[in-house]
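Listed below are the residues making up each chain.
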Amino acid sequence: MIIGLDVGGTHTDVVLLDAGGLQNRVKVRTDASDLFSTVLTGLNRITEKIDPQQITRTVLSTTLTTNAIVEKKLSPVGMIVTCGPGIHPDNYRTGDHFYIVGGGIDHSGREIQALNEDQVMDAAEKMRADGISHVGVVGKFSTRNPDHENKIVRLIESGFDKVFPGHRISGNFSFPRRIATTFLNASIYPIHKKFFTAIKKSLEEKGIRAPIYILKADGGTMDLDTSIDFPGQSILSGPAASVMGSVAFAEDPSETIVLDIGGTTTDMAVLINRVPVLVPNGIEISGFKTHIRALHTRSIGLGGDSAVRIRSGELTIGPDRIGPAMAYGGAAPTPTDALFVLEKVNDGNLESATRGIKAIADEMGVSAEAAARDIFDKTCRLILEKAGEMVEKINSKPVYTVREALEGHRINPDHLLVLGGPAPHFAKHFQKISDYKVKKVPQWDVANAIGAALSRTTCEVSLFVDTYRCRAMAPEENFSERVNPRISLAEVQEMAHELLLQKAMREGAAPGNFETDVLESLEFNMIRNFQLIGRNIRVKIQVRPGLRHDYHEITRMINNGPEKDN
Amino acid sequence: MLRAKYQTGLVFFPAFDWAISPTHPEREERLLYTQDQIMEEGLLDIDGIHELKAEVVEIKDVQRVHFCVPDPWKIMTESHFISAGGAKTIGRAVMEKQIDRGFALVRPPGHHAMRVIHGGRGFCNVNNEAIMIEYLRRAYGVKRVAIIDTDCHHGDGTQDIYWHDRDTLFISIHQDGRTLYPGSGMSDEAGGPNAYGATLNIPLPPYTSQEGFIYAIQEAVLPILDEFKPELVVNSAGQDNHFTDPLTNMNFCAQGYARMTSLLKPDIAVLEGGYSIEGALPYVNVGIILAMSGIDYCHVCEPDYNPEHLRQTGAITADIKMACQRVLQTWRNRKAVREKRCENKTVEERSRSIFYDTDGFYEKQLETIQLCRDCSGALKIDSRADRGAHVLAVHIPVNACPACINVANQWYETADLKNFDAIYLQDRPEDAYRVRKK
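Heads up: the protein sequence lines correspond to chains A and B, in order. First residue of the first sequence: 1, per our numbering; consecutive thereafter. First residue of the second sequence: 1, per our numbering; consecutive thereafter.
Take these hints with a grain of salt, some might be off.
[As the list claims (entries may be wrong)] No more than 27 Å apart at the CA atoms, straight line, and that leaves these computed lysine-lysine pairs for BS3-like:
| # | chain 1 | residue 1 | chain 2 | residue 2 |
| --- | --- | --- | --- | --- |
| 1 | A | Lys162 | A | Lys503 |
| 2 | A | Lys397 | A | Lys428 |
| 3 | A | Lys393 | A | Lys540 |
| 4 | A | Lys386 | B | Lys97 |
| 5 | B | Lys53 | A | Lys397 |
| 6 | B | Lys418 | B | Lys74 |
| 7 | A | Lys393 | B | Lys5 |
| 8 | B | Lys5 | A | Lys289 |
| 9 | B | Lys229 | B | Lys53 |
| 10 | B | Lys74 | B | Lys5 |
| 11 | B | Lys437 | B | Lys74 |
| 12 | B | Lys143 | B | Lys229 |
| 13 | B | Lys97 | B | Lys60 |
| 14 | A | Lys386 | A | Lys437 |
| 15 | B | Lys437 | A | Lys393 |
| 16 | A | Lys126 | A | Lys151 |
| 17 | A | Lys397 | B | Lys364 |
| 18 | B | Lys321 | B | Lys364 |
| 19 | B | Lys345 | B | Lys265 |
| 20 | A | Lys289 | A | Lys503 |
| 21 | A | Lys200 | A | Lys151 |
| 22 | A | Lys73 | A | Lys194 |
| 23 | A | Lys73 | A | Lys162 |
| 24 | A | Lys397 | B | Lys335 |
| 25 | A | Lys49 | A | Lys72 |
| 26 | B | Lys60 | B | Lys74 |
| 27 | A | Lys358 | A | Lys437 |
| 28 | A | Lys72 | A | Lys151 |
| 29 | A | Lys540 | B | Lys364 |
| 30 | A | Lys397 | B | Lys229 |
| 31 | A | Lys206 | A | Lys162 |
| 32 | A | Lys386 | B | Lys53 |
| 33 | A | Lys27 | A | Lys194 |
| 34 | A | Lys289 | B | Lys53 |
| 35 | A | Lys193 | A | Lys206 |
| 36 | B | Lys143 | A | Lys393 |
[Unchecked claim] Residues of chain A placed beyond 10 Å of chain B at every Cβ, according to the derived structure:
| # | residue |
| --- | --- |
| 37 | Thr30 |
| 38 | Asp106 |
| 39 | Arg177 |
| 40 | Lys289 |
Hint data in this document are derived by calculation from the structure and do not stem from the laboratory. Predicted, not measured: the structure shown is a model, and the values here were computed from it. Every residue, glycine too, gets a C-beta built ideally from N, C-alpha and C.
Take the sequences, apply the hints, and build the full model.
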């Protein structure tokens, strides 16, 4: 049996799955001030009357690290940064305890300025005096040559709890993102470690010794041990959980927009043939642009609880939420109240809902029903409009080769998958007002937790080969090997594939659970003085975000469940 | 946090699958390390720097500028359509005020491509800047445009296209043609009789360093620009004046390029040459992008940059002063010279021979320009490539007066097809391109 848990802003959803489908579901109110007890309550309730031995896997998606960053509750971190020519790293200062030391590596991984070890030692001493215990170390082009970062780690590691080298974060370029990601990673390391070590201990006390996985922003999982060193990967996993919960129910082939309609926001994403689209670089959070791989999601301030107003004669919805719907004791009318008036929902106070909608209706000079219809219709149309903008944004991504530019594949989704609390009502109306083929996700109100439970382990590897120097490197993996200068592109791909499998297994993938994509495969002749001296080969490869090999049976059962007739 | 002072657009099209030949300087690898540097510096993440997607130019865009013999498909590869498209994207974004300025970092380059094209010259097949400018003229009614060509090689293609156009100021700063391909660009090359002085050349001696370039910009280019008052300034941003460039002999540097860009303040920059792909381009391009967006560039320099080693001699400084004086004099006398050259004549002819180094053949041209005080003048080019095609190309300029339109149409209609493989008419007022063929 698999446990999936997803912490949301209002509710925490927990599901218990096995080959027979969804066995149990629990909703717990999220206590943002005490996430630990929220998660534990959820886990306790879902495992009541269950033999702990039967649990084979627990997957958790929490808002712990996201909240810490958004609320700026970060533990102090020191940074040592080397640079070389270019934009001055002072522009990327992460706060106090930010030290720039001499040393430079160029775009091809050559040392252009020796590391100033004295400055490193000085910085370390000052940070120790300031009581710093976690340090990030980042160099420009360290993904081409990590020597300086490694040297700094060796020089100072004995004096600190943990030192985080930037090149292990990602194989991608962008020095500023490497600084930000390393900094965030180090900043949330202590709370993440403390939290999940405690969760693990609690589960063990209950006799649950099955592996624990953490959901990542790219919709994949990593095992708890991996997450300890790379807690940054767990940021913003919430939207990813919903998307992964929809994957199994999308048509294949198809281009599908996923809409998760919540109280405050609607999260949207795109699936192409059941594969979610990733952001090209990494997510941005609280002004930090990072290297953290993530699904391309967009969150808009439109949901069931968005505030409805008349502003200079115009009906507006959102982007803010004042409180719950008036039907549930809130103070301002919302689209949910409109659903009450339209008699689509009835589990709250109809009178309050009607009062709220009536006030809007009076301003508009129409009946309450007409106003409710307008409000709901406008909410739906706005959501679709924003979804169209997201698709446009994905399509505007520039490409760098002739083939890609001419092929110019544009995504053009014609399917909608809707989940979240009010999904059925929205789905019905989307169908009415658009040409999309609309479906609601089975178990729409816990599909996010199901998504977390079924996601596979994902990872990415960037391998770089310089045949002139007979060297293959993947600094992110701590990998550097001598290669035959005649090595072919196919052999480099094979090597990258092997590295990827090792990494995936190390991070908790089940054997045989791989679908991989070659994201980049480039080979350049290196010409110096009109002579061919070697080749520069770059291969980037990933485990495709998706569901574990054992999901088919489970999702088939879920699909055939009581909510079958969509 | 870094923030661009000017909203700056970038089109990056390194054509990672296109080369003239595997070991040619114009090959796939050329912008590879530049891309790495731009990505590693995180330039595209900076607030106010916007990456735009290159579009593909249309045949109509090409035919507004060029006579492609026998047709554009024989002259252009897919890369050329996208490279020119990159320039067009930037130009359009500037006109639409999506951005204040923009830089098309594209290859293949274009500034050696002339009005009539039989093949490749100087790694160029079609002229990216001219295709972009003529599109902007058509779509947005732009009139006065200045092109400052700072590639180390003389921009002879752009010069040819605008030789008779008094509304386009073309200034090329380059290594003296006596020492470098294509050999042209002397101070006395200053445009045809109707547009004398709208073409200007500042040849610089080999080993000119930052001091000399900046002097030429400040003492000659900027004062002329001030007087010309262009609606748009376009920079043909070649980067082969660099001290490490393998094809040239200059001593310019990344700091110099950035400084030059911040002085020129181009609305649109388009990459041209530059073949020091590891030692120069990554740093020069970062410098140019920062300068365009108004961000501090003082820490951008090459790892082996040593200004002491690059200092220019007094003799070079004196030569540059002379070149600047000559160009200023040409500029000041332009109107008088135009008057004089148009006296007592209705047409002027010039014949020349053009070498296509990339494809290896010669073209012979006899050019006839209708002398005119009211417009740039009807233009007729009798062109024969020694590998075969013999064509007549007739051009009606965008600002043509009724008399010149008449003359050009007569040339086109009355030319005897027995003598030519094809006769072309580029009718800019009608935005039409017509062909007569056997």
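Results for each hint:
1. Of the supplied pair hints, the one linking Lys162 (chain A) and Lys503 (chain A) holds, its CA atoms being roughly 22 Å apart against a limit of 27 Å.
2. At most 27 Å may separate the alpha-carbon atoms for a hinted pair to count; Lys397 (chain A) and Lys428 (chain A) exceed this at roughly 32 Å.
3. Taking the CA atoms of Lys393 (chain A) and Lys540 (chain A), the gap is near 23 Å; set against the 27 Å cutoff, the hint holds.
4. A C-alpha spacing of about 24 Å is found between Lys386 (chain A) and Lys97 (chain B), which places the hinted pair at or below 27 Å, so the restraint holds.
5. The straight-line distance between the Cα atoms of Lys53 (chain B) and Lys397 (chain A) is roughly 7 Å, inside the 27 Å bound, and the hint therefore holds.
6. For the proposed pair Lys418 (chain B) and Lys74 (chain B), the alpha carbon gap of about 23 Å is at most 27 Å, so the pair holds.
7. Distance check on the hinted pair: Lys393 (chain A) and Lys5 (chain B) sit about 24 Å apart at the alpha-carbon level, within 27 Å; holds.
8. Between the alpha carbons of Lys5 (chain B) and Lys289 (chain A) the distance comes to roughly 20 Å, so the proposed pair stays at or under 27 Å and holds.
9. This hinted pair does not check out: Lys229 (chain B) and Lys53 (chain B) have alpha carbons roughly 30 Å apart, beyond 27 Å.
10. For the suggested pair Lys74 (chain B) and Lys5 (chain B), the alpha carbons sit about 43 Å apart, so the restraint of at most 27 Å is broken.
11. This hinted pair checks out: Lys437 (chain B) and Lys74 (chain B) have alpha carbons roughly 16 Å apart, not beyond 27 Å.
12. Annotation: proposed proximity of Lys143 (chain B) to Lys229 (chain B) holds, straight-line Cα distance about 11 Å (limit 27 Å).
13. Taking the CA atoms of Lys97 (chain B) and Lys60 (chain B), the gap is about 24 Å. The hint holds against a cut of 27 Å.
14. Among the hinted pairs, Lys386 (chain A) with Lys437 (chain A) is consistent with the structure: their alpha-carbon atoms are about 17 Å apart, no more than 27 Å.
15. For the hint linking Lys437 (chain B) to Lys393 (chain A), the alpha-carbon distance of about 46 Å lies beyond 27 Å, and the restraint is violated.
16. Pair hint Lys126 (chain A) plus Lys151 (chain A) holds up; C-alpha atoms about 19 Å apart against a cutoff of 27 Å.
17. Our distance criterion of 27 Å between C-alpha atoms is broken by Lys397 (chain A) and Lys364 (chain B), whose separation comes to about 45 Å.
18. Only pairs whose Cα atoms come within 27 Å are accepted, and Lys321 (chain B) paired with Lys364 (chain B) is rejected, the gap being roughly 35 Å.
19. With a C-alpha separation of about 40 Å, the suggested pair Lys345 (chain B) and Lys265 (chain B) falls outside the 27 Å cut-off, and the hint is violated.
20. A C-alpha spacing of about 25 Å is found between Lys289 (chain A) and Lys503 (chain A), which places the hinted pair at or below 27 Å, so the restraint holds.
21. A C-alpha spacing of about 34 Å is found between Lys200 (chain A) and Lys151 (chain A), which places the hinted pair above 27 Å, so the restraint is violated.
22. Distance restraint check for Lys73 (chain A) and Lys194 (chain A): the Cα-Cα separation of roughly 15 Å lies within the 27 Å cut-off, and the hinted pair is therefore satisfied.
23. A C-alpha spacing of about 19 Å is found between Lys73 (chain A) and Lys162 (chain A), which places the hinted pair at or below 27 Å, so the restraint holds.
24. Proposed proximity of Lys397 (chain A) and Lys335 (chain B) is contradicted: the alpha carbons are some 49 Å apart, above 27 Å.
25. About 40 Å separates the Cα atoms of Lys49 (chain A) and Lys72 (chain A), which puts this hinted pair outside 27 Å; it is violated.
26. The straight-line distance between the Cα atoms of Lys60 (chain B) and Lys74 (chain B) is roughly 15 Å, inside the 27 Å bound, and the hint therefore holds.
27. At most 27 Å may separate the alpha-carbon atoms for a hinted pair to count; Lys358 (chain A) and Lys437 (chain A) exceed this at roughly 33 Å.
28. Distance restraint check for Lys72 (chain A) and Lys151 (chain A): the Cα-Cα separation of roughly 31 Å exceeds the 27 Å cut-off, and the hinted pair is therefore not satisfied.
29. Of the pairs offered as hints, the one joining Lys540 (chain A) and Lys364 (chain B) is violated, with about 51 Å between alpha carbons and a cut-off of 27 Å exceeded.
30. Only pairs whose Cα atoms come within 27 Å are accepted, and Lys397 (chain A) paired with Lys229 (chain B) is rejected, the gap being roughly 36 Å.
31. Simply put, Lys206 (chain A) and Lys162 (chain A) have alpha-carbon atoms about 31 Å apart, too far for the 27 Å limit, and the pair is violated.
32. With a C-alpha separation of about 21 Å, the suggested pair Lys386 (chain A) and Lys53 (chain B) falls inside the 27 Å cut-off, and the hint holds.
33. The hinted pair formed by Lys27 (chain A) and Lys194 (chain A) meets the criterion: a straight-line CA distance of about 25 Å does not exceed 27 Å.
34. A C-alpha spacing of about 21 Å is found between Lys289 (chain A) and Lys53 (chain B), which places the hinted pair at or below 27 Å, so the restraint holds.
35. A distance of roughly 20 Å separates the Cα atoms of Lys193 (chain A) and Lys206 (chain A); the hinted pair therefore holds under the 27 Å criterion.
36. The suggested pairing of Lys143 (chain B) with Lys393 (chain A) is violated, with an alpha-carbon distance near 34 Å, which exceeds 27 Å.
37. Listed as outside the interface, Thr30 (chain A) is consistent with that label: its C-beta sits roughly 32 Å from the nearest C-beta of chain B, beyond the 10 Å cut-off.
38. For Asp106 (chain A), the shortest C-beta to C-beta distance to chain B comes to about 6 Å, within the 10 Å cut-off, and the non-interface label is violated.
39. At roughly 6 Å from the closest C-beta of chain B, the C-beta of Arg177 (chain A) falls inside 10 Å, breaking its exclusion from the interface.
40. At roughly 5 Å from the closest C-beta of chain B, the C-beta of Lys289 (chain A) falls inside 10 Å, breaking its exclusion from the interface.
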